[in-house]
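What follows is the residue order along each chain.
Protein chains: 4
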Amino acid sequence: MAANTFGHILRLTTFGESHGVAIGGVLDGFPSGIRIDFNFIDAMLRERRPGSKAGSTQRREADEVEFLSGIAEGVSLGTPIAFLIRNKDKRSKDYSHLKDLYRPSHADYTYQSKYGIRDHKGGGRASARETVARVVGGALAQQLLWEKKVDIAAWVSRIGVIQSNKQPTREEIEVAAGDPLYCPDQEASQKMKAYLDELRQQGDSAGGIISCSIIKVPAGWGEPVFDKLHADLGKAMLSINAVKGFEYGSGFSAASMQGSRHADEFYYDKAGNNIRTRTNYSGGIQGGISNGEEIFFNVAFKPVSSIGKQQQTVDKKGKSQSFQVQGRHDVCVVPRAVPIVKAMAALVLADHYLLNKRYS
Amino acid sequence: MAANTFGHILRLTTFGESHGVAIGGVLDGFPSGIRIDFNFIDAMLRERRPGSKAGSTQRREADEVEFLSGIAEGVSLGTPIAFLIRNKDKRSKDYSHLKDLYRPSHADYTYQSKYGIRDHKGGGRASARETVARVVGGALAQQLLWEKKVDIAAWVSRIGVIQSNKQPTREEIEVAAGDPLYCPDQEASQKMKAYLDELRQQGDSAGGIISCSIIKVPAGWGEPVFDKLHADLGKAMLSINAVKGFEYGSGFSAASMQGSRHADEFYYDKAGNNIRTRTNYSGGIQGGISNGEEIFFNVAFKPVSSIGKQQQTVDKKGKSQSFQVQGRHDVCVVPRAVPIVKAMAALVLADHYLLNKRYS
Amino acid sequence: MAANTFGHILRLTTFGESHGVAIGGVLDGFPSGIRIDFNFIDAMLRERRPGSKAGSTQRREADEVEFLSGIAEGVSLGTPIAFLIRNKDKRSKDYSHLKDLYRPSHADYTYQSKYGIRDHKGGGRASARETVARVVGGALAQQLLWEKKVDIAAWVSRIGVIQSNKQPTREEIEVAAGDPLYCPDQEASQKMKAYLDELRQQGDSAGGIISCSIIKVPAGWGEPVFDKLHADLGKAMLSINAVKGFEYGSGFSAASMQGSRHADEFYYDKAGNNIRTRTNYSGGIQGGISNGEEIFFNVAFKPVSSIGKQQQTVDKKGKSQSFQVQGRHDVCVVPRAVPIVKAMAALVLADHYLLNKRYS
Amino acid sequence: MAANTFGHILRLTTFGESHGVAIGGVLDGFPSGIRIDFNFIDAMLRERRPGSKAGSTQRREADEVEFLSGIAEGVSLGTPIAFLIRNKDKRSKDYSHLKDLYRPSHADYTYQSKYGIRDHKGGGRASARETVARVVGGALAQQLLWEKKVDIAAWVSRIGVIQSNKQPTREEIEVAAGDPLYCPDQEASQKMKAYLDELRQQGDSAGGIISCSIIKVPAGWGEPVFDKLHADLGKAMLSINAVKGFEYGSGFSAASMQGSRHADEFYYDKAGNNIRTRTNYSGGIQGGISNGEEIFFNVAFKPVSSIGKQQQTVDKKGKSQSFQVQGRHDVCVVPRAVPIVKAMAALVLADHYLLNKRYS
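Keeping their order, the protein sequence lines are chains A, B, C and D. For the first sequence, our numbering begins at 1 and goes up steadily by one. For the second sequence, our numbering begins at 1 and goes up steadily by one. For the third sequence, our numbering begins at 1 and goes up steadily by one. For the fourth sequence, our numbering begins at 1 and goes up steadily by one.
Only chain A is shown next, with the shape it has when bound in the complex (with noise of 0.2 Å):
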């Protein structure tokens, strides 16, 4: 039981309140004699960081990393990687006249309820700040899975009422990373766009949903029964901030699809040497186990809780209270979810990549 920690023996566990000193994390049971690329790591956290991205705010947040332990030259040592970003954007006083009022679809009252007392500044615990932590173990962890040329991409396919159908390629994606929605479907990428500045007018916002790719994860990662490789990839995904819904492969379309299409026949490639599947509707996971084949899975985001429109709601004493978010606000946050979406999928592959080993 570790509420803040996650993986069974890549572990990365996560402290720091929004408005707090500092958010970090620390990573045990990551191998030693690999040689960080801290650019890599920063690269991450530039895709999350706000104002890098359309839809959301200005908030400037460096989110400068410091590395407190597990590296010596730039080397793992197989110790624990513990790091932290300071919070240096706190602006506490905004946030007092939010001290007693429950922000509707909020974690406000579940805190309070739970914990009989919260940090009421800018969400606390619950605030998508803590995800910064996930970047920096998930860059980590990544780095690992280079040892397979596992190879992770995550983009954004829908915003709002706008979805993209494209299947893109690597490289369409990798380019993706330097457009504002994170879309590499250009052409649904500036309705996108649009459809955010207007909503950003009306003072609203919007959800989405985040794809993700896998590659090259080789056949016999994931436990059965239940530690199923998708059970986990779902695990991490719905434990981020705003997430509703996982699915892999065929996903929510398999309930209506019939048994003889939905099957993945196997062939034996060219070389002979190599097990394929000529359809991939299992996902690339059999049995919660990898085959070989392409891991895909879609995300589902609600849309930002915070609007520039007033709101009905109560406070601690029983009144009901209306208010009105002042200032900044993120219309969108799904492109900045991106890099947490790739974060949690490296943290889980490069778990199982290293509970795998003990069969090896």
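What the hints contain is simulated information worked out from the structure, not anything from laboratory work. Errors might be hidden in some of the hints.
Here are the computed lysine to aspartate or glutamate pairs in the EDC-like style, where the Cα-Cα straight-line distance is at most 20 Å [stated by the list, open to error]:
(1) C:K270 to D:D269
(2) B:K319 to A:D269
(3) D:K319 to C:E265
(4) C:K99 to D:E265
(5) A:K316 to B:D269
(6) A:K317 to A:D269
(7) C:K319 to D:D269
(8) C:K216 to C:D197
(9) D:K317 to C:D269
(10) C:K88 to B:E73
(11) C:K316 to D:D315
(12) A:K88 to A:E66
(13) A:K319 to B:D269
(14) A:K309 to B:E265
(15) C:K316 to D:D269
(16) B:K88 to C:E73
(17) B:K216 to B:D269
(18) A:K317 to B:E73
(19) B:K99 to C:E265
Derived coverage of chain A by chain D (criterion: at least 3 residues anywhere in the stretch with Cβ under 8 Å from a Cβ of chain D; other residues may be distant) [claimed, not checked]:
(20) 8–17
(21) 26–39
(22) 65–72
(23) 80–87
(24) 110–122
All C-beta atoms, glycine included, are put in the ideal place defined by N, C-alpha and C.
Could you slot chains B, C and D onto chain A? The hints should help.
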């Protein structure tokens, strides 16, 4: 790390291969002093039993549970409750032709890849037969939840192309337990039955969706950050055989909603004692913690992979093979999965009930 | 949190009350492809069996193990290995007079305090009968260690006031398995036997010390900081019924030694390939990690609490009571605990063997 | 599996190398609403500080703790409490000559074997410097135990050849915190001091024993079978650097006692409300569960491995080397380990306090 164990402090470990000696489990962390209702356990097992629902095979599994420990004179001792169900109807001969075959969309190939060996009889450990142990464990967990009057109901809301959009009452769900499709919408149920009859004649199979509603969960259950209540529910559901997707509250539809509509406005009930929300897009969970409203979610199941049609595949030795399932097979297992969904939900909730007690 | 589960990635869960239906266990994380030597398991069980050694009762427990899962055609599948031993010789009537009594130095009172209920028959879950499941689990773990030729030997080095200071050879320990006291020092063994005969006539009981030596553990096993190899060994031993102390290497005598003497000087062996130490006060473990030298430790057992003399105590209702154990009782259980010590050591080492593979 | 995490539901994760950026920890599972006494934490840290006790070096470590999360306005939030202590007095140059050297009875060789790399500066992760994080975590855990008035006291009962057999009162132990040897027996303390002065002149070092007494633990704490209260205490103590043995209650002396003497007879106290035992060979724990009596145990420490005398060893390249620790070194660290013993005991007890609440 415990691939065959589920839960934080209420932990179910399951064991057993489909055609081995027995399937069973050990439930650890179950409190003492609870008078066990064995009839309730039998009733849940009956719901899961093959032949009990339309679309399933006639394999007779009496599923007699033998309790080995943890209960004395009908009352729980606080020690591990171990139980087993012997596999009586093995018919091992049926499976010899599958010894080297990798059936499409089954776990044959992935188990072989991971372990270098597999029990090919009836799917071995990857068979849904394993879930009988989950139903026993969940039926015990549910009895713990009675202390709080937590009420878990589930039903079939889709079979293949037939969707029911009816919001059933508690009573209608109870009646649905007797329906061959476990569907509280009689019109839809009849269409589903006709659809399955058609598929059976074609030697084909269907998937579907199970919906689950949980009421009377007090505010405050669930652990923030990684062990969010819905993240644990999601993992629990995704660990069930054939599940491809999970969504809770507004789910995937949240992706296209606007924040102004998605906000669940708080108010005090008439007596002024309880905080309620006017809408419930949150699905009873905010920030990973229950808020006292109804918890609801959907679980998508793929169609059964064993069908009556001839299929192409390969065997272990690299040869292409065509094969056809002989004799009985399920056209649709979704109705029989309802008690499994309820059982896994009960395990998650009872676990979080106990976890939350440390704050009492 | 899993009070009835031991281990990190090789995990033994045990269940069962002394006079319940059965005692058993589930070993999860055991690798696939290992041909199981059932005779070896039986041989370890025979060493533990009551009546097999001097000082123990004549209770007949055939201890027939039934394996329920995880093994097919004699080979492990990588799935959980579940097993049970039915309790045949229950004689439940013997225990009715103990229903409300708190026997001195037993767990009667503490179980009642914790659970508000207890299975009073033969000590219920607190009985050393539980350790039969540890022996089966440990006998399986030991077979995993054979891959590395790890050799675990244990013997009785003290019974009551009789101490053997002989350092036995591997051969002498093997012979000692046939000794009624499991003591490789024949002179001491005879004195121990005479001492126990005397105590039996007095209706009294004795404790003792078991010594354990483990060779051929490669350097590198054990996790630093909290899961040090000796810390896990210590917890394993202290979890055995009646154990009061654990020391490894120089142990308690280290407290009075000087650093200059206690230093284990390193040297390269003749071939120049292996690093060795000239002395081994470290007991084969430095910084929690094995260094390739012999691992050795001592485990202290208290005398049996059930004696033939009349004793004073109280019952649940607040009354003083005098009572006397009727019929058979053990004068000394230490010789029978030798296989339990070996089993727990095997579980710890096999677990760390698998853990360390993630660095391979 | 989490080598750097300790505890079941109150979990301390520590990180940091001796001469890295910082040492720190994350305490997860600490309940909300507790006003933190920072002075108490500082006081425990002062007890551990080098230079605070006879026998230790003059290395100045201000050990200023920075709390990063989990506490707002002095009150715990129920979220993880992260903290760090920066390593100020690094003097890294001192250690360059040790880069390839395997110091006798240190963890240099085993870390190198396990990880293929090590931080040679001051022992890296294997340094006792890590324990500063345990003291902070334990000082927090102790504050949780104040709710139940649980009182943990520890003291030095042996240094090298000097043993104190005095049973100190609570008051005498409190006074002993000011004694240079943390020994409540003034006569023994003076002899210990003289003994250490002698060893210092010889460039040698000494070990010792710390005794610990815990009172006011209610009956019912501790989990049966594997997570027995004394098994968890034993593991906690054995995980402290330099510890070679652990015994509780009658300990190793139990091995030579007779059952008739070892029995702790129960009686009702005068008021007739509480069950007590007349003797306490059980050390306050029966069947792994507290019985309400005093819990006591001894922890044996080996002598410091770094001594002022010239020593023989080998280096990584296979060469024999002689070396001598230059400058300061500890003659005896046992007095400074008293707060570490108390901290680890507090972590175990607070964990079991919370675990036991699920039965409330």
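Going through the hints against the structure:
1. C:K270 to D:D269: This hinted pair is violated, its Cα atoms lying about 68 Å apart.
2. B:K319 to A:D269: holds, 12 Å
3. D:K319 to C:E265: holds, 13 Å
4. C:K99 to D:E265: Within the cut-off at roughly 18 Å; holds.
5. A:K316 to B:D269: holds, 14 Å
6. A:K317 to A:D269: Outside the cut-off at roughly 68 Å; violated.
7. C:K319 to D:D269: holds, 12 Å
8. C:K216 to C:D197: Violated, at about 38 Å.
9. D:K317 to C:D269: Status holds; Cα separation ~14 Å.
10. C:K88 to B:E73: Holds: K88 of chain C and E73 of chain B sit about 19 Å apart, inside 20 Å.
11. C:K316 to D:D315: violated, 65 Å
12. A:K88 to A:E66: Status holds; Cα separation ~14 Å.
13. A:K319 to B:D269: Within the cut-off at roughly 12 Å; holds.
14. A:K309 to B:E265: holds, 13 Å
15. C:K316 to D:D269: holds, 14 Å
16. B:K88 to C:E73: holds, 19 Å
17. B:K216 to B:D269: holds, 15 Å
18. A:K317 to B:E73: violated, 49 Å
19. B:K99 to C:E265: violated, 57 Å
20. 8–17: Contact hint for the segment 8–17 of chain A vs chain D: holds, 8 residues under 8 Å.
21. 26–39: holds (count 5)
22. 65–72: holds (count 6)
23. 80–87: n = 4 at 8 Å, threshold three: holds.
24. 110–122: Coverage by chain D holds here, the residue count being 6 at a Cβ distance below 8 Å.
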